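Q: Below, each chain spelled out in residue letters.
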Amino acid sequence: MRKILCIISLLVFISCQKDLKTKDIISDLKVTPNVVDADGSSLVSVSVVLNDRAATDKRNVVFTTTGGNWIDGKNGKITVTATYQDGEILAKANLTAPASAGIITITAASESTTLNGDYNLSATVTANKVEPTVIKLEPSSFGIGANFTTEDTLVAKITGLNNNNASKGVTVLFEDLNGNNPAGGRFRAVQATSGAGSTVSAIYGAPALSIGTPITIRVTVLDKNSVKTTISDATTLTINK
Amino acid sequence: MTVTQLTNRIRLLAGSVVGILLFNGNYANAQQGQQGQNSELIVTYDFATPESKTEIPFDKYFTLQILHFNTEQIQEIRVYEAMFYNGRRILKRDVKKGNINTPVIDFIVEKDERKVKHDTLLLYFPPIKPDKEFEIAVIRGLTKNNLVTAMNLNEAIFNNSPDAPDYFKQLHKGVIDDALNLIVLKTNSLALYKDKFKYKFEPYYKKLKAPANFPSAPFLSIGDLNVMNEGFTQTDMKFKWGHIPARLINDDKIDDMFAGYLPADYDSATKPAGAIDFKGRVNNLSKSIASMDTIYRYLNTYISINDKPAFRCMLLIIENAIKRLRANKEFINTESTALTNAIQTDTDLEEIEVVVGGTKAKDIKTQGSNIFTLDLGLATIGSWNSRNQFAALPKLYYGVNIYFRPINKNTRRENIPTGLPANPIEGPDYNIVAQRSIWQHLSLTIGLTTGGYRNTEFDNLYNNTTLLIGGGYRFYRAFKVTAGAAFLRRASNNPVITDKGVFVGPFVSFSADIDLVQTIKDIINPLWK
Numbered sequence: 001m002r003k004i005l006c007i008i009s010l011l012v013f014i015s016c017q018k019d020l021k022t023k024d025i026i027s028d029l030k031v032t033p034n035v036v037d038a039d040g041s042s043l044v045s046v047s048v049v050l051n052d053r054a055a056t057d058k059r060n061v062v063f064t065t066t067g068g069n070w071i072d073g074k075n076g077k078i079t080v081t082a083t084y085q086d087g088e089i090l091a092k093a094n095l096t097a098p099a100s101a102g103i104i105t106i107t108a109a110s111e112s113t114t115l116n117g118d119y120n121l122s123a124t125v126t127a128n129k130v131e132p133t134v135i136k137l138e139p140s141s142f143g144i145g146a147n148f149t150t151e152d153t154l155v156a157k158i159t160g161l162n163n164n165n166a167s168k169g170v171t172v173l174f175e176d177l178n179g180n181n182p183a184g185g186r187f188r189a190v191q192a193t194s195g196a197g198s199t200v201s202a203i204y205g206a207p208a209l210s211i212g213t214p215i216t217i218r219v220t221v222l223d224k225n226s227v228k229t230t231i232s233d234a235t236t237l238t239i240n241k
Numbered sequence: 242m243t244v245t246q247l248t249n250r251i252r253l254l255a256g257s258v259v260g261i262l263l264f265n266g267n268y269a270n271a272q273q274g275q276q277g278q279n280s281e282l283i284v285t286y287d288f289a290t291p292e293s294k295t296e297i298p299f300d301k302y303f304t305l306q307i308l309h310f311n312t313e314q315i316q317e318i319r320v321y322e323a324m325f326y327n328g329r330r331i332l333k334r335d336v337k338k339g340n341i342n343t344p345v346i347d348f349i350v351e352k353d354e355r356k357v358k359h360d361t362l363l364l365y366f367p368p369i370k371p372d373k374e375f376e377i378a379v380i381r382g383l384t385k386n387n388l389v390t391a392m393n394l395n396e397a398i399f400n401n402s403p404d405a406p407d408y409f410k411q412l413h414k415g416v417i418d419d420a421l422n423l424i425v426l427k428t429n430s431l432a433l434y435k436d437k438f439k440y441k442f443e444p445y446y447k448k449l450k451a452p453a454n455f456p457s458a459p460f461l462s463i464g465d466l467n468v469m470n471e472g473f474t475q476t477d478m479k480f481k482w483g484h485i486p487a488r489l490i491n492d493d494k495i496d497d498m499f500a501g502y503l504p505a506d507y508d509s510a511t512k513p514a515g516a517i518d519f520k521g522r523v524n525n526l527s528k529s530i531a532s533m534d535t536i537y538r539y540l541n542t543y544i545s546i547n548d549k550p551a552f553r554c555m556l557l558i559i560e561n562a563i564k565r566l567r568a569n570k571e572f573i574n575t576e577s578t579a580l581t582n583a584i585q586t587d588t589d590l591e592e593i594e595v596v597v598g599g600t601k602a603k604d605i606k607t608q609g610s611n612i613f614t615l616d617l618g619l620a621t622i623g624s625w626n627s628r629n630q631f632a633a634l635p636k637l638y639y640g641v642n643i644y645f646r647p648i649n650k651n652t653r654r655e656n657i658p659t660g661l662p663a664n665p666i667e668g669p670d671y672n673i674v675a676q677r678s679i680w681q682h683l684s685l686t687i688g689l690t691t692g693g694y695r696n697t698e699f700d701n702l703y704n705n706t707t708l709l710i711g712g713g714y715r716f717y718r719a720f721k722v723t724a725g726a727a728f729l730r731r732a733s734n735n736p737v738i739t740d741k742g743v744f745v746g747p748f749v750s751f752s753a754d755i756d757l758v759q760t761i762k763d764i765i766n767p768l769w770k
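Keeping their order, the protein sequence lines are chains R and S. Sequential numbering of the first sequence, starting at 1, is according to this note's numbering. Sequential numbering of the second sequence, starting at 242, is according to this note's numbering.
Bear in mind the hints are in silico, worked out from the structure with no lab data behind them. Values in this document were obtained by computation on a predicted structure and should not be read as measured data. Careful, some of the hints might be misleading.
[To be verified] If the Cβ cut is set under 8 Å, some of the chain R residues that face chain S in the computed set are:
{"id": "1", "residue": "Thr22"}
{"id": "2", "residue": "Asp24"}
{"id": "3", "residue": "Ile25"}
{"id": "4", "residue": "Ser27"}
{"id": "5", "residue": "Lys58"}
{"id": "6", "residue": "Val62"}
{"id": "7", "residue": "Ser112"}
{"id": "8", "residue": "Ile231"}
Using N, Cα and C, we set each Cβ at its ideal position, and we do this for glycine too.
Same shape as in the complex, but just chain R:
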């Protein structure tokens, strides 16, 4: 009788569901590259392997990120259907790097929810700051009316060493010069700090100057102490009426 009870106990024991682990659902989260320029445009390739017995209607994988943007994603989240590739059921997504430096966390999880817990995989990507090396200013027009009768939109693109966008947060200074002296015009709607697009902008109105007077518009990148650096660009507007 004791043996029978032991056998039944053993059967009860072995009939227990084994503890579910994340690798039983998804595994092998790959992020390539895991170090990227924080230029807002570099691509990060993300893939994860789904359990090879996953049902066809249970193959959606949700990728989330704390930085950058999923291509075709929304709000830092994208749902991808895994497909059978090279003997594995793979879910893939592409992420554009953030414009800000820092460490971003990418998470993959099965869309099929479980009642007993969340089973997801995470990986990090280091986004390195892209220092500005070049700034290029583009006016909306090279002619401008005197005495603030017209305005010119000025946009400056800041790029890094590899001609990619510089990380956001670069601060610039807009100046107008009539010869070596300030021209006395006015800048409005100044966006002096670069955003995700790595651009700065301002709208400029010229003062009462005679027609044909050249006005030099200069934009200079400031360092963290708001001191002008050598990175700058300039363009000349001419009073045309």
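Following the hints, position chain S against chain R.
A: Below, chain S alone, put in the same frame as chain R:
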């Protein structure tokens, strides 16, 4: 009434109802032993044919009725386990105990002393284990032929005859069972037999052979016979027996006549009776008594005509002779009967008659039905679901039970004895006697469930059935509880896997024998018509 008393009464009532409904039989107490009242079946075996109408059951008390069998002189009935060796049926020897040559007695059978008929033997058997071969050895004292051989052997030994070894061989051969080579003659050499003869049988022979040892000796003297002879010569009547005394004197056969070797009226053609021809000697004595009686009556008549003192004297002598002849006749009768009894009741001088028996199934169908049974029952499978909660899944199932030994479904556990000595050093070893054992109840059960699962997390293993494999315990003959492993399919707790995988879970079940189910169905069906 206390709670205990009430419980006991309910239990008793329930037991009685179940007993009446299902078993329709009487409970017999196995502890009562091997007695007629325990017998559940009578097996009739015709020794003349020889064949039996029914098979010998196993695990069941039974009475063996042997027809056309000599029931005389039976001293003991033993049962020996038999086996087949090199195509021969032999008795099993207990090699472990060193009994290489002597078969071990399994048990002693009790016989009914009330003989139904003089040629019918009733034997009460305890339950026998299945698949056993055995021999029923009926041990009896020496019967006619062997008794004559033993008498001849005794005489040869008594007379130091060279024929003694031949007689011994003849006796040895006469008491052995040819088929089984089972010898019951314990004095299995002539030397041993002579020893036995010396202290047990020789005194009878000494007494019976020598007339001088007879209690009535001495008999008539020569003087008495001369008186008679002279008397007859004085009569002028012709007397038919008048020559008798003269011839006895002349031939010196007085003692031979009184010992019964010769009749009084012997002549030259009369062959003397042998010393152990007790019947012949008694006949001779009867004849002599008749002769003497005739002489007495004739002489008595003659005296009434011619009375002489000598004739009176003769009458007394003849009267005395008749008394002695009668005493000798009685003596020989008594002593020879005592000798015969001594030989026939001697436990060293026995002969054997063997009846073959066995509990092996005669055909594969019977054998199969003793091993395999079909059940119908309800199983409850236990399992942990995907949320790790225990779920009980009741299922109807049918299954086959494979017993580890043949079982007799009609045997009640209570009727199988317990407490037989396991390994007795001496005496019967009860090796073929069935004892109550767990193996009469345990079986391997293989079953299949029917129907689907209401709980969608579970599914059948194959083709709408779940496989059950377990160990079963039979009780009340027709019922069984079984516990074991169920093979079915279960949903995974992995959210991405929707296939139900095979797993093994425990189950317990309660079932009834198909035969019983069929019987219940037969009873119930008419009620619905």
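Q: All hints, please: hold or fail.
A: Each hint tested on the structure:
no. : hint   : in the structure
1   : Thr22  : 11 Å, violated
2   : Asp24  : 5 Å, holds
3   : Ile25  : 5 Å, holds
4   : Ser27  : 12 Å, violated
5   : Lys58  : 4 Å, holds
6   : Val62  : 13 Å, violated
7   : Ser112 : 4 Å, holds
8   : Ile231 : 52 Å, violated
Checked against the numbered hints listed earlier, the structure breaks hints 1, 4, 6, 8; every other hint is satisfied.
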